[in-house]
Each structure stands twice: as C-alpha cells, then as structure tokens.
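Colleague: Sequence:
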Amino acid sequence: MPTLSGNSPRTASALPVLFVPIWATGFISARAVIPHADPLGFTAVRFTGVAVLLALIAAASRVRWPGTRAGWRDPMVAGFLMQGIYLSGVFWAVSRGLPAGIAALVGSLQPLLTALLAGPLLGERVSGRRALGILLGFAGAGLVLAPKLGAADPSGIPPVALAVSLVAVLALTLGTLWQKRTGGGGDLLVNATLQFVGGMACAIPLALAFGHATIDPVAPLWLGLAWAILVNSVAGILLLLALTRRGAVAGVAALFFLVPPVAALLGYLLFGEVLTLAQGAGMAVAALGVAVASRA
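Our numbering applies: residue 1 is where the sequence shown begins, and numbers increase by one.
Wrong hints could be hidden among the right ones.
Claimed, not checked - Distance windows between CB atoms, simulated:
#1 Ala219 - Val17: 24 to 32 Å
#2 Leu135 - Ala55: 40 to 48 Å
#3 Arg125 - Trp72: 29 to 37 Å
#4 Leu132 - Ala55: 36 to 44 Å
#5 Leu53 - Ala213: 22 to 30 Å
Simulated from the structure, these hints should not be mistaken for laboratory data.
Glycine included, every Cβ here is placed at the ideal spot set by N, Cα and C.
Please build the complete structure, drawing on both the sequences and the hints.
Modeller: And the structure:
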C-alpha cells in the first residue's frame, strides 16, 4: 500500500498543498451540515464511520498493529484531544451561537500556542525567523477574518461557547504535541485508525450526555457526512500525521494560518461570499508567514 511518509522531495512539497485545502473544506461541510443535525451526534457518527472505514482498509492491507500497550494508548490519547475534544467543541460552539469569524480567529491561535509549548514540552527551539513567520501568519489570518469579526456583535458572543472553543483549540495543540512526542513510529494507517477510536471515546459520551437526536435526512446532510468522513477525516488526518512526522511541529502548525484564507476563497467560489481587497492582502501576508516559518 502506498504511504504518505514524505521522504521524497516531491512528496514532501505536495503534502502541505494537499493538506490545507482539505482541512479548510471542513468549514464548508460544517456550514452544510449544522442546520440539519445535532453537532455532537453528527461528530460521533462521523468518527464511528471513519474508524470503521480505516480499520477495514488496515485489515485489507494487512498492516502491522502495535505490539505494546503504549502503541495502542498514545494515538488514542492524541485522537481524544485532536479529534474528540477539538471537533466536538468547535461544532458545539458554532451551533450555540459563536460567530464563525470568532471561531476561526480562535482556531488561528493554535500555531501560536504550539510555538510557545514546543520548547518546554518537546525541546524544539523556535528560531527568530520561524517566530516572525508565525506572527505574520497570524496577522494575515486576522486580515482575512476582519470583515466577519466586524460583523459580530461583541455583546452577543456567548461566553460559554467562546470558552469551549478556546478549550478545543488548546486540546488540538496538546494533541499535536503529544502525537509528535509519541508517534514517531508505526504505520500511519494504524495510527489514524486508533486516533479516531480515541475520538469516538470522547464524542459518543458527549453526544449521549449533551446532544439531541435531531436529524433532517436531506441531501446536504448526507453529502456533508460523506465529505467529512472520506475527505476531511481520512485524507486530512493521514496528511497531518505525515506532516507532523517529517517536520518541526511549530512549522507544521503554521500551515493552519492558511486555513482561513483558503476557507474564505472557497466561500467566495461556492457561496458567492464577498472577498475584499484587505482579505486578499491578508491571504498574501498569511502565505508569506507560512513560507517563512516553514523554511526556518
């Protein structure tokens, strides 16, 4: 079975180009799904579908499963944080009234948190050039999101939803760092499968405790679910794991600054959303920041 090891220069350069638009389409599928399904229940079904699909592919590929307890535990912990808490938290916060622009800006804090924690937790040194790139990326993401932030009424931002989104981004950061620290070996497909088992262990109890069985069985829901499983989850997590293995975690995290610009561009192309000159400038600044951070 072909892998996403990223060892060859051609593969290494292709991974970020594939990852960013795939991750950004998560906001598009969320926009299609949230009006038709309970977000926590949808996330639990999504993770279950992904885990089953990946397990079947792994079985058919006859990959080697972990032979130690840590080999099973570590990717499940990463998935509990990166998939379960992060995605459940973001979907729930947006469904409870957190403006999408605020949610995206909070998500843009992830590379900053990763850069701050990579030193004490992983021993990775963040160079001055990489720090400059991360700051440029955050500034660019802020420019892209500025129109949505301006349209949001600060007095109408639900404090609980905002707090949940902050916890979600912190969980994504810690999960990424944990994955980098513990996930250096093993098969990527097995690692991804176990991550979504960990995500299920978080999402299913949350759905049972706080969700509600609201499903509107219309085409956008099924299309959004299929896209979320096959593209956002299966392809997205395999690419993210491959990127995390081959690069410094702060440099990989900087790619997330490109998600708001790409999501804004997709919104313009698919939904006719307005794209301003300032947002175009923000896209350029974010791209420059990622280029600087990735080559530091």
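Colleague: Each hint should be assessed against the structure and marked as holding or not.
Modeller: Hint by hint, here is what the structure shows:
| no. | hint | in the structure |
| --- | --- | --- |
| 1 | Ala219 - Val17: 24 to 32 Å | 30 Å, holds |
| 2 | Leu135 - Ala55: 40 to 48 Å | 41 Å, holds |
| 3 | Arg125 - Trp72: 29 to 37 Å | 32 Å, holds |
| 4 | Leu132 - Ala55: 36 to 44 Å | 43 Å, holds |
| 5 | Leu53 - Ala213: 22 to 30 Å | 23 Å, holds |
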